[in-house]
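Protein chains: 2
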Amino acid sequence: MRIALAQFNYTVNHFEYNKLRLIEGIERAKENNAELVVFSELSVCGYPPLDLLDRRAFVDKCIDAVNEIATHCKGIAAVVGAPSYNHNPFGKMLYNSAYFLNNGVIESVHHKALLPTYDIFDEYRYFESNSDFQVVTLNGKRIAITVCEDMWDNQPPTPGVPRSNLYRLSPMEELAKQNPEVVINLSASPFSKNNFKRRFEVFQDKCRQFKLPVVHVNQVGANTDLIFEGSSFVLNSKGEAICKLNEFAEDFNVVDIKEQQAINIQTQANSIAQIHDALVLGIRDYFYKSGLTKATLGLSGGIDSAVTLVLAQKALGSQNVRVLLLPSQYSSQHSIDDAVALAKNLNVKYDIVNISKTFNVLRESMQDVFGNAPEDITEENIQARIRGTMLMALSNKMGHLLLNTSNKSEAAVGYGTLYGDMCGAISVLGDVYKTEVFALAQYINENGEVIPKNTINKPPSAELRPDQKDSDSLPDYEVLDKILYHFIEGHKSADEIVVLGFNEAIVNKVVKLVNATEHKRMQSPPILRVSPKAFGFGRRIPIVAKFI
Amino acid sequence: MRIALAQFNYTVNHFEYNKLRLIEGIERAKENNAELVVFSELSVCGYPPLDLLDRRAFVDKCIDAVNEIATHCKGIAAVVGAPSYNHNPFGKMLYNSAYFLNNGVIESVHHKALLPTYDIFDEYRYFESNSDFQVVTLNGKRIAITVCEDMWDNQPPTPGVPRSNLYRLSPMEELAKQNPEVVINLSASPFSKNNFKRRFEVFQDKCRQFKLPVVHVNQVGANTDLIFEGSSFVLNSKGEAICKLNEFAEDFNVVDIKEQQAINIQTQANSIAQIHDALVLGIRDYFYKSGLTKATLGLSGGIDSAVTLVLAQKALGSQNVRVLLLPSQYSSQHSIDDAVALAKNLNVKYDIVNISKTFNVLRESMQDVFGNAPEDITEENIQARIRGTMLMALSNKMGHLLLNTSNKSEAAVGYGTLYGDMCGAISVLGDVYKTEVFALAQYINENGEVIPKNTINKPPSAELRPDQKDSDSLPDYEVLDKILYHFIEGHKSADEIVVLGFNEAIVNKVVKLVNATEHKRMQSPPILRVSPKAFGFGRRIPIVAKFI
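Those sequence lines, one after another, are chains A and B. Sequential numbering of the first sequence, starting at 0, is according to numbering that gives the first Met the number 0. Sequential numbering of the second sequence, starting at 0, is according to numbering that gives the first Met the number 0.
Excised from the complex, chain A in its bound form (with noise of 0.2 Å):
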């Protein structure tokens, strides 16, 4: 049988958009004499969703869509993702369906039965769990079609899913009974370190399990704070891959399961080379499907902002990019040669404002609010207000996009100020600890040097009062950034990080900063996930609560 593979790039609720790439892929399918064509999860929508899916016109605008779709699938099959009406009175409303689409019209409809719902995932927020299991026959053979997660009733305790069980029914074993020959699963899998590996060998399991051969279609591209990364693949019954797609890329591919041969599939790949990719993609999918082409950032000197123009410069070209130079009274002269010469160096348009003398007006206007208090971190915040203020102030005068510069490390115990340098449309770096951001500085210098050497060499400051240093105030990154892993990630309390040979008293100021800095994350932008856990909307940590 021979099935192709539409891996695109899809637009939350861009029917017309949408529409057109699945018909283009039916067509092609069609050119190259494949019998059924596979898209991935809510092709028709985008996803994910949210609550677009709490409006009835939205969920009919995509079953239009895919009545329209079927009248294209005649002399071949196709399996489209889009929502479906649960028709019983009870339960959620809707279901997360797969449409068969044969001669014409929706020939079935197979609804997904596991919902994910754990971290970034809400499934269950929208859609009923499936419990009626059929498979499909085309051109004699029987196909079990399945969505995503429903191949993962048994996963790989990892980051972010506390238990490798999280369902008390296997999709695969009621599909099982009815004897299919070939699976195929429509996914939306994001990114994160690692999940490629996990994926591949959650579904080899699978196959080798029930000794059939599994077409797997994953979504590819970025929809704001998500990034898909693609990799679709399809594995023989013995669980061996005979086909893999592009990742970070559209791809397109037909095969014919019984004829072709097991291929070589590197599952372990090198994680800071898939972040760099991910990274230029999130923003490059955020610009475009924004309708927006132009970025502008504040330019430091220092390895986060650096490192944010290279990838912002590559998503997007140098054109499009413009950064501001913002140096105080306390910057020192080789941040600012530092970042002039990255600048020039990527032919970045780039321009120099000094904030001295509107820090200092401010400052007096507030004498007498301030009284004779001592100085202390409010004027550091200013500063950094003063400079989201300039920032955005360019955005607004030309139309760009503002990209925040943290990382992750910072934004973990708060060293960032609200409305100062935590400002931006996006966080590139925020799901990047500050280790990894100096490995993708690396990565980027391989063949050649982009980013000054003295940029990446020089100690971490953010440069508010004279002589400060990260180091001043918080543990070596290398420590620390283990340290927040393992309570960020790991999901693990302050003694049990001691107990792994972390000093106590650092443990313990680390997660107090984590836990008292909720309320400014809570008002960061949306934020690039590369990690299994990511700060922002799959990480939900109460603002008001007693944190000893």
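Certain hints may be false.
Unchecked claim - Listed below are the simulated DSSO-like cross-link pairs for lysine-lysine, each with C-alpha atoms no more than 27 Å apart in a straight line:
id, chain 1, residue 1, chain 2, residue 2
1, A, K508, B, K60
2, B, K508, A, K293
3, B, K60, A, K481
4, B, K519, A, K293
5, A, K196, A, K481
6, A, K60, B, K511
7, A, K18, B, K545
8, A, K73, A, K140
9, B, K348, B, K293
10, B, K511, A, K293
11, A, K508, B, K293
12, B, K18, A, K545
13, A, K511, B, K293
14, A, K545, B, K60
15, B, K481, B, K545
16, A, K545, B, K313
17, B, K452, B, K313
Unchecked claim - Away from chain A, derived, C-beta distances all over 12 Å, residues of chain B:
id, residue
18, E67
19, S128
20, V134
21, Q203
22, D250
23, V254
24, Q267
25, E448
26, I455
27, E477
28, P525
What the hints contain is simulated information worked out from the structure, not anything from laboratory work. None of these values were measured; they are calculated from a predicted model. Backbone N, C-alpha and C define an ideal beta-carbon position, used for all residues, glycine too.
Since the structure of chain A is already known, use the hints to place chain B on it.
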């Protein structure tokens, strides 16, 4: 049977405090010769604990606390709410449980079956659904113990709840088979306008259907954005109220289910008075539970900041509130006068800082960057952001929290400046439409003028350019608020709203503004929730999506 209702205000994660309150409730119930004392849902840890539930150390603390509380249950039984582990290796790791404590130990644990996962609720994220129902016997009486939503398998359609029968199971039908004589219900049902009426009627229906008395204990107090009103009650088997506890305050009462006479309950409350009380409680608990006492805000002379100040002063006291007046060259003298008059009426310390100098210097600094670009909204945003910076500076310097003063109407259409007037730790009026803000002001002035008449009567204006009025670019608030209600609370499409009799061009403009400004609300402070569909956690719209 004498049953005590303990309607207390818990703090999330504050085990020491919550435990003390629970033990205090048990002792007080003993003194009042109760046989059983009932507390609210997840009372041991506070509701909602959110992702703290992913941490085993947190769950273990809950269970340790329950065990300790149980030792106080001698000569009396108690029902407390806490998570428990799901010992079946399949399904979610936890249950949302009611622990029946008697004879000094945990005698049985009763799990919630219906897990609300809509609007602000995320319970299926953490909990497995129960399918095993057992009544308990106490002093010869058979008692059915239920947790909140287990009584809501059938509910009247309402904004935020997509359909009446969200579940395929009725826990009460299961429990009724065991012939209970009374039903206990532990709840954490958050306040919204008319929530009490719905809640009361849902419970009445269940009483009448099963001919059983119900003891319903609800949480009181606010946790970040969610406000719980209390208003616990007892219904006899005819569905008549025989006891109702305070709204927006702690309360404790003991009823003898057999003996008491039916009382009259007002279900149709004055919703403005309720919103007023809810917001005062919301502010108070945000500060109190964060260990803070002092608030600041920017007083413009307009109605939003005036109402916010009155509510803050009621919640925290005059001595704990301090305001800034931040006029510019575009501010009218009457706005300054009105603001000063209000601050004096409330005996609240105020300072006046003119922002013009800072504005002019910042603009001059940016002149080379802006080039010959004409004045536009950029300059308005700069003013708002300088104000935000000054307010945050006062907050940082004095250890105050900044209150945000935006209303729901302007938040909906994006008439606010990110990092400017959208700053703040908590948004007081972000779920209150402008027409309701006017009603609140009238209500506040009911017993004498507190808010200057001129503040209420003058046409709303942001005063960011000469002679600016809200009505220059927006429809009248009477019309705007109705359109917004149908779109936000009602999930209606623009077409469906036009059919209701609104002007098509206006509807399309409003809907477009709401869709185009999701990215702003994403970074807004948490909003005290008083409606069935507030901006924030309970409303999740994609930021990057195609909106026509």
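Straight-line Cα separation of A:K508 and B:K293 no greater than 27 Å?
holds (26 Å)
Report holds if the minimum CB distance from B:S128 to chain A is greater than 12 Å, and violated otherwise.
violated (9 Å)
For a C-alpha distance cap of 27 Å, please report whether B:K18 and A:K545 respect it.
holds (13 Å)
Quickly compare the C-alpha distance for A:K18 and B:K545 to 27 Å and report which way the hint goes.
Answer holds: A:K18 to B:K545 is near 13 Å, not above 27 Å.
Would you say B:E477 is clear of chain A, with no C-beta pair closer than or equal to 12 Å?
Check passes; 25 Å lies beyond 12 Å.
A:K73 paired with A:K140 [C-alpha distance capped at 27 Å]:
holds (18 Å)
CA of B:K348 to CA of B:K293, is that 27 Å or under?
Since the Cα atoms of B:K348 and B:K293 sit roughly 12 Å apart, the hinted pair holds (cutoff 27 Å).
Taking the closest pair, is the beta carbon of B:Q203 still more than 12 Å from chain A?
holds (22 Å)
Over 12 Å from every CB of chain A: does B:D250 meet that, or does the non-interface label fail?
Consistent with the label, B:D250 stays out of reach of chain A, its closest Cβ about 22 Å off (over 12 Å).
Going straight from one Cα to the other, do A:K545 and B:K60 come out at no more than 27 Å?
holds (13 Å)
Satisfaction of hint between B:K545 and B:K481, Cα-Cα up to 27 Å
holds (25 Å)
Hinted pair, alpha-carbon criterion (27 Å max): A:K545, B:K313. Please report holds or violated.
holds (24 Å)
In the structure shown, a violation is registered for the earlier hints numbered 19 and 28, in ascending order.
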